[in-house]
Amino acid sequence: MNDAITNQSAASKVVSANKSNNLPNSVQKTTGHVIETHDISAAKNIKKAPLSSDGDLINSSITTIRTTCPYCGVGCGVLASVNETGVLSVKGDPEHPANFGKLCSKGSALAQTLGTARRLTEPYYQNKQAVMQQHQPMQLGNDFNAIDLSAKPLINQTDWETVLDDVASRLNDTIAKHGRDSIMFYVSGQLLTEDYYVANKFIKGFIGNNNIDSNSRLCMSSAVAGHKRAFGADLVPGNYEDLEACDLLVLVGSNMAWCHPILFGRFLAAKKANPNKKLIVIDPRRTDSCEFADLHLPIAAGTDTHLYNGLLHYLDQKGCQDDEYVSQSLGVDDAVNAAKAWSIDEVASACQVSAESIRQFYECIAATDKTVTAFSMGVNQSQSGTDKVNAIINTHLFTGRVGKLGASPFSLTGQPNAMGGREVGALANLLAAHLELDNVDHRQLVADFWQSPQAISPNVGVKACDAAAAILDGRIKAIWIMATNPVVSLPDADNFRQALAECDLVIVSDCSVDSDTVKCADIVLPAQGWGEKSGTVTNSERRISRQRTLMPAAGLAKPDWWILSQVATRMGLKGFDYQHPSEIFNEHVALTAYGNTHNQSPSNSNKTYPRYLNFSKDLSALMTDEVPADKPVQQLQQHINQNGNQIHTPIALSQQAYEEMLPFQWGGTRISMIDKIKPLENEIINPAATVAKSQLIAITPSDEASVANVHRRQRRQKPQLIDEHQSPSKQELDHDTQPESQAIHLRLITGRLRDQWHTMTRTGLAPQLNQHQPIQTLTIHANDAQQLGVQDNDFVQLHRRYENYEKYESYENDVTSDGIVSDIAISTAKDSNKPASTVMAQVAISDTLRVGDAFMPMHWSNAFASFARVGPLIPTVVDPHSGQPELKNSAISVTPVPMQSFGKILVHPEWQDAVIVQLRTILANFSAQASEEELSETKCEARSKNILPEALPALTWSLSHQNNSVLINLASPMVEASSTLACPEFWQQFMASMQSLSQPNSQERVMHTAFTVDNVQNQLRFIVTKSAPDIDSDNTAINRQVSDDEKPSTQLIMAVYIAPTQKQLPSVRWLDSCFTDTSQIPVNQRYKWLLAGRPASGYVDPGPLVCSCMSVGKNIILNAITQHGCTSATAVGKQCRAGTNCGSCVGQINALIAECAPLAQA
Amino acid sequence: MSLSMSQASTTVDTHTNTHALASDHQKNAGIVIIGAGMAGSRFAIELARTQSNDDTARLPITLISKEPHVGYNRIMLSPVLAGDTAFKDTYLYDNSEYEQLGITVLAGVAVETIDTKCQCIELDNGQTLNYAKLVMATGSTARVIPFPNHTAKGVHVFRDLADVTALMDYASQGKTGLVIGGGVLGLEAACALAVQGASMTVIHMDGYVLNRQLDLPAAELLQAELSRRGVGLAVSAHTEAIEMNDAGEVCGLSLKDGCTLAADFIVMAVGVIPNTALAKQSGLEVNRGIVVDDFMHTSCPNVYAIGECIEREGELFGMVAPVNQQVDTLVTVLKDDFIENNTNVIDGKVTVPDHWVPFVSKPLSLKLKVSGMSAFSAGQIAFDDEAADTVETLVYRQPDLNHYHCLYLKENKLIGAVLYGDTSDGSFYSQLIIDNVDITPIKDTLIFGEAYCHLDEITLNNSPTTEVGIELDDTDKNISHHKVAELLEDAL
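Protein sequence lines correspond, in order, to chains A and B.
So in full-length UniProt numbering, spot 952 of the first sequence is number 952, and the numbers just go up one at a time.
So in full-length UniProt numbering, spot 85 of the second sequence is number 85, and the numbers just go up one at a time.
Bear in mind the hints are in silico, worked out from the structure with no lab data behind them.
Small disclaimer: the values here were computed from a predicted structure and weren't measured.
Glycine included, every Cβ here is placed at the ideal spot set by N, Cα and C.
Treat the hints with care, as some may be off.
Derived contacts from chain A toward chain B, CB cut-off under 10 Å, selection only [as the list claims (entries may be wrong)]:
1. Gln352
2. Ala355
3. Ser357
4. Arg359
5. Phe986
6. Met1007
7. Thr1012
8. Val1013
9. Gln1062
10. Ile1081
11. Lys1088
12. Arg1094
13. Pro1095
14. Ala1096
Bound conformation, chain A alone (with noise of 0.2 Å):
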């Protein structure tokens, strides 16, 4: 507790070291003068590491700003350097408390994901039926020739004055045909704080519902669930010092190596200095984390809480309680009981790991008092998360392993600002600051304070997994999507996407052209990304940190908060004239503290609301003891005077005080979890001391857990909804008729992948992060693989599994029932004949995964692949405590697509979206005349004669952004389609309708083609080249027969590769440089290198980027290892520099130097 004054005394310090220096903390002119920043609520000294030190930063002509990382939940602090000319470039800040100037791939790869390519620059209308069409034609079963796609524009510009003022009325309108519940808002843990509490006050204090849900609810909502169980509230009972202070880490589906990498890297720094520590990994697949592991337990996903209730049991035998705290705690008994059940030898058989390694683990635990169990998304996202994050922190409070240093529980979120949502309560079920929606008074208490025009609604909102049911059965009209892409992250992704479809108003507020919901809108907004918003985001440890803004925004693009207050006004609601981020930040600490019985000055009212933070008691550890002139503190009257009440007047940040905000923990460093602990003297202790009472929960593993999630589907047809268009055998068709003989059933384990984000809408903008897997890829047991008959890279077609669902009218009635409410989406009697999407993948042979698992990444979307969405194979099954749905144990069945031939074509990024709405056509195309052959066909003799399951498309493609161009990787199973793609003639037809479609004025562009083709092979080169600008303007060169051996430069447009096996393609690395220089290549050559893929000789290709932070290849650390004898990572590090920055590939590294061991040493 003595960290707490610390911090305090180092608050006081900032506000000096601001006093003296007027330049604000957010822009930092560099003048070669140790910048003073202190961090306020650091948990030990931090080691100042002067900016000066860095000969980047001494340059006078840049600007240095400090900002927060928009990635995980661990919540980098950023040093963004802008120089003169606007050029960013990034770098840890090493005096952020969260990773003292570390960055991982991702975080040290943001300069490269800024600009304006791939953004929404300015408002539209869109016409939604086409664009849907469009971007997905291989809907099977749908009439392609149904949609006139030329019909209408598919895109209307418009200004913002016309769509806010339209987004208005529509909504009233929307209120007033069909009440104040049908409006929906979908946010997400991308938003800033302000973004957030505006939504939430936006829709629960003004339009009159709680539906409005956060992507959170897909990411830590059990976290909260669990915690709210245990402790009464949502705090957070760890730190991230705790990491470094354990003597064990115990990571509980977590690949924190790759997913928190610089949290992991704190807790292997502090391994290295005291090898004592242990790591142990729980997790059905072995991770990069178990690369650095002391035991890993591969158990079968979602029996965590039998490992655990196993854990309690044996706690409990070897007397390891912490008989004080277990005193304090309440429903011990009824936890150890239930546990009780759970011997060694039944948890063994449970979790199919041996008894012997499950002793290992609890003789650890029970032996280390100095536990962290840090759980992530393999905890959260399971029907059973609740119970799963209260089974582990039963084992905690047993041991009263909680709340002190190094001994916790900690749940790591997986977004920037997860937390801030949860802070403003913006999910169905909470409120606002922490106060409880089912409690009437804390709804008159908001209400009050936000001076709404009615009482808050009583009822939970509608929730992220029941939204595609609300629209679909009519509940929902509109929906307004915030900074989230619920079309490939939701389950049941397809069920979504439908809902959008019939949907009367959707309105899509987003940065990137690459989120598959925008063309799902009806109206689309362009929201300011990182780098341009401004405002607070909070991390796993409950760090505020402000995210600056560095640069304007990218053509009309808004702030979330802004958009959402313009609609509110000109819908004619009051309180939402905000003109800075300061002023909703304050109305949050204000809010915070309103009615706060915890406060200094209580309230008059008789009534307590107490609650778990007050910020804006926290807050004032920022400001001095007297206000200094200069800075004066808002006042916000019209909140504090209402009622006539005087209550207390809250202390309220400046602008400038604002902008100069230092990353603090609000509520405290740590938590007490007791109430019986008195603070010390003087201590900042958080008022959820006084609340919480610790609570253990008993928990009773279903005997199903581990039995993966099935597809639900009515037995009955509904003849009347069908389709005209469709044929009941061919319904059949679709859903029944997988080739069983070659299928084989696997358990589907979704995650993330090291290198990207989300659905890649940011990452997959930086080509080094595209290095790591630019494919989507399905890893399976090499035994399955051989049951499959596949082999590594060969493609594989992935299946929903259904089970017939015969309970389908009791459970349509059972609406509110707990997690069951959503699969009334799924059953549908019209959803349930439509064809399920065509979702394909690349096998990774790997002994990291269990037999019969399967793991598919889920950041791949429609933007970045035709077919690798994962959300469709995911049925809607929710954890019944927080509404988390499973997605980490979907049954699904795996056939393997025999491919033709494969392809490459790489582009210019100009070209992009030109080439993929040509892929689409074609895919349209030869769907449209597959299914006429087929019609030509008996049913039964396509069915005998051919392997492939119908559903099988004709082409398959994904993207990957390269350094300077955009690499599409084909396959088509499909013999005439290959064929075809195997034409020269047919890339002519293709460059010219890209040419008309992408280039009005083509007629001043000079292309050029050069090909070469097998006629046997169906091998085929094509390159594309422009006249560099200067000769196309040069007339005497075009009225001249001018050889192009003379022409000085010519500009990369596109090169196509396609051959039968993928092994013929060329590597893309160096044909990737030449879209920026073909000088390189002697100009009588310049053709043929590009053909060929590679110069002639004397080039080095790099291999497979490894180490994305230093982009160094797996060649060059092979070289490394076999040339230059390394034998450690620290070594091959020296040599190549591979691994030295996040430290996130030193598995890879370690895997490669075992690899050739054998080598070396022979």
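Since the structure of chain A is already known, use the hints to place chain B on it.
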């Protein structure tokens, strides 16, 4: 009519006549070569060089040339006609080299008769020469098709310097000319004359030019290029008759379809015929050419034949590469024949000395020699429908540059190649065709040329069956057009 078989000039280059024709030649019979074209002169020089490297005794060498100009590169006549090259630059060897090597050169002299029994020859100047070994290198004659009025004034062939001189005269006056035969020589002549100022049109029987050497896409590119150069082209055009005015001069050409084309002169480029009259009258076995075996022996002891005049297993040879091979073969046969007093001449049963290198006919390649136009072909490039199904083609095209490469593969062996535009890899492909190796390891990059293909990869996979000694560089530089002529002969 001005054919190449004009009577020998009486002038003899002074430097070639340094050795007086003494009667002691008859006694000191040596090696006599009839014909100082590309085969004869090369053989004389190569043999003499080989002998000069030996300190052993040697036979004197006598080279007899009907043309006054000895040992010039006939292929270079096209650039001479186009004005790109001076005639003096076409000599294969410096004239002093003959003297230095002790070769007796008799220029402007024709051989009247050969007495194979007495092993002596009689010259048209009345002299007789004994020989120990006689080498026939009498070459070939441009073919003239006897169309009506083919003897009219203004009907030419394109074979020797005299033809060049005559044709340049028309061109410099801006006359209108027709070339009958869209083969290599005909196209070269037409382009050269167009450059020199004539208005030229090529008359070709088949559907496209160079139809035996190029495939259709390459020929189309070539035809487009001809058109850009102002050379007219009539394909599938069959000559009916040459039109002649009252003065006996050419005034046009009528086609079988009834069209008539005006012309001031006509060049017939319709192939060559081996010069075999002397051999025939001397009793050598002659078919279309002088029949030889693998070691260049004719049917008559101590008489050999090389070059365009020979026939080997029914095949005639019009290209430099095989002719040079024949020269090399014959050098191995004759360099020490004398010393070993080897009597095992032809009758098929005698043992062949180990050091004799047999002549093996190789697939031929072709290169068009027109400045700014390059076309190359090698091996088999035309297939009937059935064969076409089993042939894999690798095509490279760059339409803007008019580059076109097509490789023909059968069972993973390169069997033919057509290159248009950029022919720099021609020799590489020729070699692969000749070597008949399995190119599987380099198949994916084969089309990009030698720079992309590691030959060690394919030699690993294929035991080298033929060790080929031909010098590809020479092949490249001196591709003969005669093959075309020969093929055209068949076509006509």
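With a cut-off of 10 Å on the beta carbons, see whether Thr1012 (chain A) makes it to chain B.
Holds, because the Cβ-Cβ distance from Thr1012 (chain A) to chain B comes to roughly 4 Å (cut-off 10 Å).
Any CB of chain B closer than 10 Å to the CB of Val1013 (chain A)?
With Cβ-Cβ at 5 Å, under 10 Å, it holds.
Are Lys1088 (chain A) and chain B close enough, Cβ to Cβ, to be under 10 Å, as the hint says?
Result: holds, 5 Å to nearest chain B Cβ.
Minimum beta-carbon distance criterion (10 Å), Gln352 (chain A) to chain B
46 Å, violated
Next item in the hint list is Phe986 (chain A). Is there a CB on chain B closer than 10 Å to its CB?
At 14 Å from the nearest chain B Cβ, Phe986 (chain A) fails the 10 Å test, so the hint is violated.
Under the criterion of a CB-CB separation shorter than 10 Å, is Pro1095 (chain A) in contact with chain B as hinted?
9 Å, holds
Identify whether the interface hint at Met1007 (chain A) stands, where standing means a beta carbon of chain B within less than 10 Å of its own.
Holds, about 9 Å.
Take the shortest C-beta to C-beta distance between Arg359 (chain A) and chain B; is it under 10 Å?
It is violated, given that the least Cβ distance between Arg359 (chain A) and chain B is near 56 Å, above 10 Å.
Cut-off 10 Å, beta-carbon criterion: hint that Gln1062 (chain A) touches chain B:
12 Å, violated
The hint names Ala355 (chain A) as touching chain B; please verify it with the least Cβ-Cβ distance against 10 Å.
Cβ of Ala355 (chain A) sits 54 Å from chain B, so the hint is violated.
For the hint on Arg1094 (chain A), just tell me whether its beta-carbon gets within less than 10 Å of chain B.
With Cβ-Cβ at 8 Å, under 10 Å, it holds.
Go through the hint on Ala1096 (chain A) and say holds or violated, using the shortest Cβ distance to chain B against 10 Å.
Holds: closest Cβ of chain B sits about 3 Å from Ala1096 (chain A), inside 10 Å.
In this structure, the earlier hints numbered 1, 2, 3, 4, 5, 9 and 10 are contradicted, and the remaining ones agree with it.
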